[in-house]
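> As a plain string of letters, each chain reads:
Number of protein chains: 2
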Amino acid sequence: MSEQYDRYLEEHEQDHLEALFELLRIPSASALPERQADVRRAAEWVAKRLRALGVPEVELLETERNPVVFGHWHVDDHQPTALIYGHYDVQPPDPLELWETPPFEPAVRNGRIYARGASDDKGNLFAALCGVEALVRTRGKPPINLKFFFEGEEEIGSPSLGPVIRANREKLACDFVISADGGMYGPEQPSVTLSTKGLCACQVNVRTASTDLHSGQYGAVIANAVQTLAQLAATFHTPDGKVAVDGFYDKVRELTPEERAEIAAVPFDEREYLDSVGARALWGEPGYSPLERAWARPTLDLNGIWGGFQGEGVKTVTPCEAHLKITCRLVPDQEPEEILRLIEQHVARHAPPWAEVTVERFPGSARPFAIRRDHPALQAARAVLRDLYGKEPLAIRLGGTLPVAEVFQRELGADMVFFAWGMPDSRVHAPNESYRLEDFRRMTRAYCRYLTALARA
Amino acid sequence: MSEQYDRYLEEHEQDHLEALFELLRIPSASALPERQADVRRAAEWVAKRLRALGVPEVELLETERNPVVFGHWHVDDHQPTALIYGHYDVQPPDPLELWETPPFEPAVRNGRIYARGASDDKGNLFAALCGVEALVRTRGKPPINLKFFFEGEEEIGSPSLGPVIRANREKLACDFVISADGGMYGPEQPSVTLSTKGLCACQVNVRTASTDLHSGQYGAVIANAVQTLAQLAATFHTPDGKVAVDGFYDKVRELTPEERAEIAAVPFDEREYLDSVGARALWGEPGYSPLERAWARPTLDLNGIWGGFQGEGVKTVTPCEAHLKITCRLVPDQEPEEILRLIEQHVARHAPPWAEVTVERFPGSARPFAIRRDHPALQAARAVLRDLYGKEPLAIRLGGTLPVAEVFQRELGADMVFFAWGMPDSRVHAPNESYRLEDFRRMTRAYCRYLTALARA
Chain C
1 MSEQYDRYLE EHEQDHLEAL FELLRIPSAS ALPERQADVR RAAEWVAKRL
51 RALGVPEVEL LETERNPVVF GHWHVDDHQP TALIYGHYDV QPPDPLELWE
101 TPPFEPAVRN GRIYARGASD DKGNLFAALC GVEALVRTRG KPPINLKFFF
151 EGEEEIGSPS LGPVIRANRE KLACDFVISA DGGMYGPEQP SVTLSTKGLC
201 ACQVNVRTAS TDLHSGQYGA VIANAVQTLA QLAATFHTPD GKVAVDGFYD
251 KVRELTPEER AEIAAVPFDE REYLDSVGAR ALWGEPGYSP LERAWARPTL
301 DLNGIWGGFQ GEGVKTVTPC EAHLKITCRL VPDQEPEEIL RLIEQHVARH
351 APPWAEVTVE RFPGSARPFA IRRDHPALQA ARAVLRDLYG KEPLAIRLGG
401 TLPVAEVFQR ELGADMVFFA WGMPDSRVHA PNESYRLEDF RRMTRAYCRY
451 LTALARA
Chain F
1 MSEQYDRYLE EHEQDHLEAL FELLRIPSAS ALPERQADVR RAAEWVAKRL
51 RALGVPEVEL LETERNPVVF GHWHVDDHQP TALIYGHYDV QPPDPLELWE
101 TPPFEPAVRN GRIYARGASD DKGNLFAALC GVEALVRTRG KPPINLKFFF
151 EGEEEIGSPS LGPVIRANRE KLACDFVISA DGGMYGPEQP SVTLSTKGLC
201 ACQVNVRTAS TDLHSGQYGA VIANAVQTLA QLAATFHTPD GKVAVDGFYD
251 KVRELTPEER AEIAAVPFDE REYLDSVGAR ALWGEPGYSP LERAWARPTL
301 DLNGIWGGFQ GEGVKTVTPC EAHLKITCRL VPDQEPEEIL RLIEQHVARH
351 APPWAEVTVE RFPGSARPFA IRRDHPALQA ARAVLRDLYG KEPLAIRLGG
401 TLPVAEVFQR ELGADMVFFA WGMPDSRVHA PNESYRLEDF RRMTRAYCRY
451 LTALARA
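In order, the protein sequence lines correspond to chains C and F.
For the first sequence, the residue numbers in my numbering are 1 to 457.
For the second sequence, the residue numbers in my numbering are 1 to 457.
The reader is advised that the hints may include incorrect statements.
Stated by the list, open to error - Incomplete in silico selection of chain F near chain C, CB under 8 Å:
# : residue
1 : Gly219
2 : Ala234
3 : Thr316
4 : Lys325
To be verified - Here are the in silico distance ranges between beta carbons for each label pair:
#  : chain 1 : residue 1 : chain 2 : residue 2 : range
5  : C       : Asp250    : F       : Asp240    : 27 to 37 Å
6  : C       : His429    : F       : Ile156    : 41 to 51 Å
7  : C       : Pro267    : F       : Pro363    : 44 to 54 Å
8  : C       : Leu96     : F       : Ala167    : 51 to 61 Å
9  : C       : His350    : F       : Lys391    : 18 to 28 Å
10 : F       : Glu188    : C       : Thr235    : 39 to 49 Å
11 : C       : Gly311    : F       : Arg427    : 18 to 28 Å
12 : C       : Gly140    : F       : Thr211    : 48 to 58 Å
13 : C       : Ala265    : F       : Gly313    : 35 to 45 Å
14 : F       : Gly313    : C       : Gly311    : 51 to 61 Å
15 : F       : Glu438    : C       : Gly311    : 18 to 28 Å
16 : F       : Pro286    : C       : Arg341    : 31 to 41 Å
17 : F       : Thr211    : C       : Asp246    : 17 to 27 Å
Just so you know, the hints here were simulated from the structure itself, not pulled from any lab data.
Heads up, the beta-carbon is just placed ideally off N, CA and C, and yes, glycines get one too.
Pulled out of the complex, with its shape left as it was, chain C reads as follows (with noise of 0.2 Å):
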């Protein structure tokens, strides 16, 4: 059977690998007005393929912006169905001068294409759709119900995603969602993901006085903005690198002692990690080891800070104002509106009473994302990469967040399966994105390997 599959897709890899180039040539960088033409002009093309894989019901369920392109195969009332996720918009490819071929004409060297887009998330969207379009050829239908869902605005940051989902719940009713966005752990080594962190966003102010001062003249009568707001800063963690913000662990879940094996398990060279990021130390949470920080630890980000005098050389100014940006990650309980709130009863709590201090909350909060380790949807994708690979897939947790996987569990009640081929060389968001062919070919073939293993005897 699968020889069968594994055939039409080695005998229509071209055909395959022209019609993904068609999509990488179209521009859909959704972040820029002026190509809001070719964001639409990439739905179309993705709704139009759709369309000729068989699939009966295609349309584009229409958003403030970007339409979501929608597809809907029923099989059969005895198997289960299935949403596939992926997203058909990409980064903006500036800068441009740092291609070494133009971003949107797809070029292949080295085994791999090269495009903005050939991974995330074209590359991947289009290998499931071969994927599927080979069991069709070879099967005649789906060997379970399917429904797709692509989006033109993940890369800035799924805007419509929530409502467009609340407006269409009986229409995208799934019993788990497959995303075609996403990545493997490396090379050859296959794993499945079983959380995203959370995300919330915030802003602290630092006022002192109403204008700059003469360091001389009052840096010794009135407060510094700057030096206020770095022992304010300096509050958020403990020295030895927890976050002191009360109440911030309290709805942490701890990690078990299978699942801290289970980190345990996944290789870690710290001088290579350290290396490849030119640092002299590892830092963190005491208690835990690296990965287990990055993959089921929350942290608290300073992302920026800023106040007084930033040119060269010296001038004696006593600032009157100073600003810090702070992001969280969370990981499951924690809720970002309550993490925000924490951050707003420390700050009132370390404030001084010779400044004004605000909290400025920011938009784009996001929950934490996991999936149970015996989701049936889960078990079925590691017992395919197991035999695709030969080996034993590694259990991972992303320190990112992608808040789509939450919000179709909790709109939907239905989980997320990663199921993509993204790598960490792929070079996502930067010049000179890339697909391995081997991970193409590998990812068409696990596609038709996983919705088979997917159905019910």
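Chain C is already provided as a structure; the job is to place chain F on it using the hints.
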């Protein structure tokens, strides 16, 4: 006797103002390369004026940039020699659009002369010369030996001052220096200046990685430069406002009970002071009054801080570098270079192992200056002011730094008596700088009395 020079000054006031306006029309802004010819023109104007006054020896002492106008009138071996200091260069006039009348077209309104340099320092310098002139025209010669030293680089930090004094030690030898650059406590409140603060400057640089990092991937594992710097910046002071650098206060001369009583006699309205700068509360080293702190206690001032993301909204970055500007205001007997060494030691002691932390010293250090309260030339100034205003002069100190006083003290062993009429509302260095006609009159008369009082019987 005094009536003679007062009458002379009254009769010649119009001539004197016209001459001053000539000098004010020369745009001798030493910071502007395109004004170098005007700076020299101002030097030549002042030299010509000294010659017209009858000063026997007048010359330009050349430096690497702008000449010092030097004059010498020896009258009697039995008399002391005073060197009168001032400067003929001015600050640049911008922003021009904020001037009510053009900066280099002097205008009189509301009893004030408006022009760049009207107070700082052409008006004060020229008033001193008018005083000398009145003495000379009514008595034939000055009552004491006089040297004149008018530089053209004060507004760019007097870089040639030390070298030109060292190269002309014998020529410049004197018993004390009278500065025609300086100010009074208020329009109706005369004062003598007992001290000015010294200065030293440096920058602390923190690096934790070779590039900014993704806070989701690295925030829990690699140190954050902004957080590291904030925690370091917070160590420079105790929570209650003392400088926490070991040894910082070791050389500080403690105020005597007499000095504290003297400072306590100076009126200080806390509410008015706070309102004038838009501050909520006073701040600073415990155990000292606000004026004690501003005048006689050293400070360590954080002039600026920056690192990471400073734009609008959110960027989830773990910053790899951050920077802090520091200056200290020093009091006798603190040494700038020693204080910088203490800061370096403090930083080395508090720098964490995960960061590369460097301290970059800046040039422009200045030693603090103080004059003995029983110095005869200071006592004479006090008596003249008491007589002229009919009230006791305040003994004040400057929180700011005037390196010239310390340079004369160090290079010539000559103490400086500030005897000039800048006022808190003169708007020096700002648009609409002005000099009260009343102060011009007072200063000319004060110089007649002061030089006379300095003569030995």
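> Let me make sure I understand: some of the numbered hints might not hold for this structure. Which ones are they, in numerical order?
When the structure is compared with the hints, numbers 9, 14, 15 and 17 turn out to be violated.
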